[in-house]
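Engineer: Chains as they are written, first to last, in the numbering used here: chain W, -5 to 194; chain Z, 2 to 167.
Honestly, the hints are just simulated from the structure, not real lab data. Treat the hints loosely; a few may be bogus.
Said to hold, decoys possible - Capping the alpha-carbon separation at 25 Å, the derived lysine-lysine pairs in DSS-like fashion look like this: (1) Lys5/Z / Lys55/W; (2) Lys25/W / Lys11/Z; (3) Lys76/Z / Lys180/W; (4) Lys11/Z / Lys169/W; (5) Lys37/W / Lys23/W; (6) Lys76/Z / Lys169/W; (7) Lys148/W / Lys76/Z; (8) Lys76/Z / Lys25/W; (9) Lys55/W / Lys11/Z; (10) Lys69/Z / Lys169/W; (11) Lys23/W / Lys24/Z.
Here are the chains, one letter per residue:
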Amino acid sequence: MSDSHDHDAELMLRVRDGDILAFEELVEKYKQLVIHVAYRSLKDQAEAEDLAQTVFVQVFKSASRYEPTAKFSTWLFTICRNLCLNEIRRRSRHPAESLDEPVQYSEDSAPRQYEDLKVPGASDLLLREELEQKIDEAINDLPENQRTALMLCKQEEASYEDISAILGCSLSATKSLIHRARETLKMKLKPYLKSGVWQQ
Amino acid sequence: MADKNYQELKEQSWIRELTSTEKAELQSFLSEHPELQSEWEGDVCLTELLEHESLVVPSSNFTSLVMKEVLRLEKARNRRPQSLWTHFITGRWIPRVSLAAVAALVLFLSVHQYQQNARAEMALSVDRMMKVVTVPQMEWLQDFEAINCLQVPPPSTDDGLMQALE
């Protein structure tokens, strides 16, 4: 655990000294989880990627002030969460029209349906897709802090201390958030937990 | 194993896989407390379910976009901090500073010249005054009070002469 911690800190110190390749290594390592955490907050992949890009640029800009007092990942996800919260606040002030709203088409102008090539047609994948969709919905329905806490558990070498530092709350409050999130998910996904569909 | 330990192990299982020792410890605890077995199984199922949650796959050019932006920033940053000497050689402020220095010098010399002229003129005036007004000698001034106190009347011979002339 400390090896990886030291490695990230070492990379960041190299970034501070102007080593761009070290920064690229950090981006490669953390990009997926940062985008995922942003996606869970913003519920839009393109926006999540834009925000993740801003997160990494912010990290680079702040590299000169970086001191390896805390874990790099804690620092990174704190920046990520703050930017996500800013974006959520901005959205609440300037709500945009959703493209997911059902659109009324006239008979002549009805959109053509195209086959989604990304989705394999095999029926055995339908169940998994449905399950993934249910998990997605259940997670999206969680309150923001519970959702973020749950996502941060996915970090490699995550610790409750790190998660509580990112969320800015106490250790017991963090555990309580995760516990409540898991209990809600258990309730919502109960049929899938029982049937064992997830095992496929 | 106390309930507290069970809770701790459960919490640890939310963020990482338990070690074989921890698993054995947990199994022995659950065999003693079968009422908690279903709760634990539900927890394990949820953990595995969440592990199957598909992570968002980043765009293939995500890293290159970030690096492009970072390189742009780096380039801008390198352009900014020029040495003082480079600034001195290439800076646009040199003509302005030179002009300001020349203007300040001209102003200084003008003021200096004006003061010189004013002083010379004053000295000339004082000299002229000295020539026109003759100041009594210092000894006279020193004895002035004593002479003034004498109140000597004009000599009587002078009076007689004046009367004879009339």
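Engineer: Is the Cα-Cα distance between Lys55/W and Lys11/Z 25 Å or less?
Structural biologist: 39 Å, violated
Engineer: Holds or violated: Lys23/W with Lys24/Z, Cα cutoff 25 Å?
Structural biologist: It is violated: about 30 Å lies between the C-alpha atoms, which goes past 25 Å.
Engineer: Below or equal to 25 Å on CA atoms is what counts here, so check Lys25/W against Lys11/Z.
Structural biologist: Roughly 29 Å between the alpha carbons, so the hint for Lys25/W and Lys11/Z is violated.
Engineer: Take a quick look at whether Lys37/W and Lys23/W sit within 25 Å of each other, Cα to Cα.
Structural biologist: 22 Å, holds
Engineer: For the pair we were handed, Lys148/W and Lys76/Z, check the Cα-Cα distance against 25 Å.
Structural biologist: 36 Å, violated
Engineer: Does Lys169/W lie within 25 Å of Lys76/Z when you go C-alpha to C-alpha?
Structural biologist: Roughly 44 Å separates the two Cα atoms, so the pair is violated.
Engineer: Is Lys5/Z close enough to Lys55/W, meaning Cα to Cα at most 25 Å?
Structural biologist: Distance ~44 Å between Lys5/Z and Lys55/W Cα, so the pair is violated.
Engineer: Holds or violated: Lys11/Z and Lys169/W, Cα atoms, limit 25 Å.
Structural biologist: OK: Lys11/Z and Lys169/W at ~11 Å, within 25 Å.
Engineer: Mind checking the alpha carbons of Lys69/Z and Lys169/W for me, to see if they're no more than 25 Å apart?
Structural biologist: Violated, because 39 Å separates the two Cα atoms, which is more than 25 Å.
Engineer: Lys76/Z and Lys25/W were given as a pair; does the straight-line alpha-carbon distance stay at or below 25 Å?
Structural biologist: 23 Å, holds
Engineer: Decide if the proposed pair is consistent with the structure: Lys76/Z and Lys180/W, CA atoms, cutoff 25 Å inclusive.
Structural biologist: Violated - the C-alpha atoms of Lys180/W and Lys76/Z are around 51 Å apart, more than 25 Å.
Checked against the numbered hints above, the structure breaks hints 1, 2, 3, 6, 7, 9, 10, 11 and satisfies the rest.
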